[in-house]
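There are 2 protein chains.
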Amino acid sequence: MHRFFAFRKNGTIELFDEDKKHFKVLRIEKNELLELVIEDKIYEAKFTGQNFELLEEKTKPPDVKIYANVCIPIKLQTLETIIDYAVQGGVFEITPVFCKRSFQDSSKLLEKYQRLQKILKEAIKQSRPSFLPKLNYPISLKDITLQGYGIVFDSFEKPKNDLLKDNKYTLVFGPEGGLSKEEVEFLKALGFNTHSLGDNILREELAVFAGIFMIRCKF
Amino acid sequence: MHRFFAFRKNGTIELFDEDKKHFKVLRIEKNELLELVIEDKIYEAKFTGQNFELLEEKTKPPDVKIYANVCIPIKLQTLETIIDYAVQGGVFEITPVFCKRSFQDSSKLLEKYQRLQKILKEAIKQSRPSFLPKLNYPISLKDITLQGYGIVFDSFEKPKNDLLKDNKYTLVFGPEGGLSKEEVEFLKALGFNTHSLGDNILREELAVFAGIFMIRCKF
Numbered sequence: 018m019h020r021f022f023a024f025r026k027n028g029t030i031e032l033f034d035e036d037k038k039h040f041k042v043l044r045i046e047k048n049e050l051l052e053l054v055i056e057d058k059i060y061e062a063k064f065t066g067q068n069f070e071l072l073e074e075k076t077k078p079p080d081v082k083i084y085a086n087v088c089i090p091i092k093l094q095t096l097e098t099i100i101d102y103a104v105q106g107g108v109f110e111i112t113p114v115f116c117k118r119s120f121q122d123s124s125k126l127l128e129k130y131q132r133l134q135k136i137l138k139e140a141i142k143q144s145r146p147s148f149l150p151k152l153n154y155p156i157s158l159k160d161i162t163l164q165g166y167g168i169v170f171d172s173f174e175k176p177k178n179d180l181l182k183d184n185k186y187t188l189v190f191g192p193e194g195g196l197s198k199e200e201v202e203f204l205k206a207l208g209f210n211t212h213s214l215g216d217n218i219l220r221e222e223l224a225v226f227a228g229i230f231m232i233r234c235k236f
Numbered sequence: 018m019h020r021f022f023a024f025r026k027n028g029t030i031e032l033f034d035e036d037k038k039h040f041k042v043l044r045i046e047k048n049e050l051l052e053l054v055i056e057d058k059i060y061e062a063k064f065t066g067q068n069f070e071l072l073e074e075k076t077k078p079p080d081v082k083i084y085a086n087v088c089i090p091i092k093l094q095t096l097e098t099i100i101d102y103a104v105q106g107g108v109f110e111i112t113p114v115f116c117k118r119s120f121q122d123s124s125k126l127l128e129k130y131q132r133l134q135k136i137l138k139e140a141i142k143q144s145r146p147s148f149l150p151k152l153n154y155p156i157s158l159k160d161i162t163l164q165g166y167g168i169v170f171d172s173f174e175k176p177k178n179d180l181l182k183d184n185k186y187t188l189v190f191g192p193e194g195g196l197s198k199e200e201v202e203f204l205k206a207l208g209f210n211t212h213s214l215g216d217n218i219l220r221e222e223l224a225v226f227a228g229i230f231m232i233r234c235k236f
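Residue numbers (this note's numbering), protein chains in the order written: chain H, 18 to 236; chain X, 18 to 236.
Pulled out of the complex, with its shape left as it was, chain H reads as follows (with noise of 0.2 Å):
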């Protein structure tokens, strides 16, 4: 069932100009049945021809809350794919993180956030989650909170594999390069833990969705 945004607009329902493309190209059929994402919830709905009829709300929220602070990357276009893949891993809400050996410039990243919402949404139109994850302005990695159990992926330790289950998670990729030991002390004074994503070495996009997608598989 394809997905598509939309917003209320004088008692009709009204596709977002991007969609309203989508949905020409798919040719979509008087009753065929498709979704609709509608301020923060999605329907199931019916095309009536002419409008939209709404059938059933099907949003539903995970089992686990999944919070990602991502040290952006120098190449800011891989935020791109780590914001794509972790959308499909099955994230909750994405917070890009300032660190030592991350991007630096905030003011070019501020002007590149429309499209990093565009591309959140187009995540979300593909691997079609049952609730909306969000993309939140970056912040420096002193102003991470921890909700829930707290987990550091990097490379200075070695693995664990007691991971606690929890209902919350936060957690914090290191960019290229790593975290730097101060930053990981600073992270497990907060109380956050390290764990480790195994041998072999990741790219930051990979590391992202499998740390994401590793918590997803205990449940």
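A few of these clues could be false.
Note that the list lumps identical chains together, so a pair holds whenever it fits in one copy or between two copies.
Simulated pairs of lysine-lysine, DSS-like, Cα-Cα distance not exceeding 30 Å [to be verified]:
| # | residue 1 | residue 2 |
| --- | --- | --- |
| 1 | Lys-198 | Lys-125 |
| 2 | Lys-92 | Lys-138 |
| 3 | Lys-47 | Lys-75 |
| 4 | Lys-142 | Lys-77 |
| 5 | Lys-135 | Lys-37 |
Hints were generated in silico from the structure; no laboratory data involved.
With chain H fixed as given, assemble chain X onto it according to the hints.
Chain X in isolation, oriented as in the chain H frame:
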């Protein structure tokens, strides 16, 4: 530690041409330690300024051997990403598979084989597994052999979480659009089980990584 592919010639060790360039770019210095892949073994080695001194063999067979049968995607370029991701995930052998909804032109695929082998090498250099994964020639779905515990990742079936612990797994990943029902039935008759990768819809390259990584997570 950087990793290079090399071969023995008249009692000395020589890097392959592509690796020579990479070696120069990295400005490896005298007495620097590195890893050399020679035939099917991985060594720690020292650059002596003129040649290499082999210090220790470091090949370590995987705890679990994962044989991934990957239906060939319609966009052949995606196969490159799949090979890269499969190596990062920890695959032991990758076999491209012709199925009903896969790319069909075997001569075009074979033309591309040298490039795919190069992708495999690059992935081995980057993710540095402790063993050397292998890329096989393509086969037909009906020629898939089952070693150890067999899993078809397919969206027709309900999720099952009773993943058996084994030391060998044979995985089958469907193409975009999925395997046909007949193909799934054929594999089930061979002894394969069906498993799901969760609720989200993953693109083929991420599905391959996710399936392999899910099994590695159990070890």
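Structure-based check of each hint:
1. Proximity of Lys-198 to Lys-125 under the C-alpha cut-off of 30 Å is restricted to the intra-copy arrangement: shortest distance 27 Å within a copy versus 49 Å between copies.
2. Taking identical chains as interchangeable, the C-alpha atoms of Lys-92 and Lys-138 lie at most 30 Å apart whether they share a chain (21 Å) or sit on different chains (23 Å).
3. Taking the shortest alpha-carbon separations for Lys-47 and Lys-75, only the intra-copy value of 21 Å comes in at or below 30 Å, while the best inter-copy value is 63 Å.
4. In this assembly of identical chains, Lys-142 and Lys-77 lie within 30 Å of each other by CA distance solely inside one copy; the values are 16 Å within and 42 Å between copies.
5. In this homomeric assembly, Lys-135 and Lys-37 come within 30 Å of each other (Cα to Cα) only inside a single copy, at 15 Å, whereas the closest approach across copies is 42 Å.
In the structure shown, no violation is registered for any of the earlier numbered hints.
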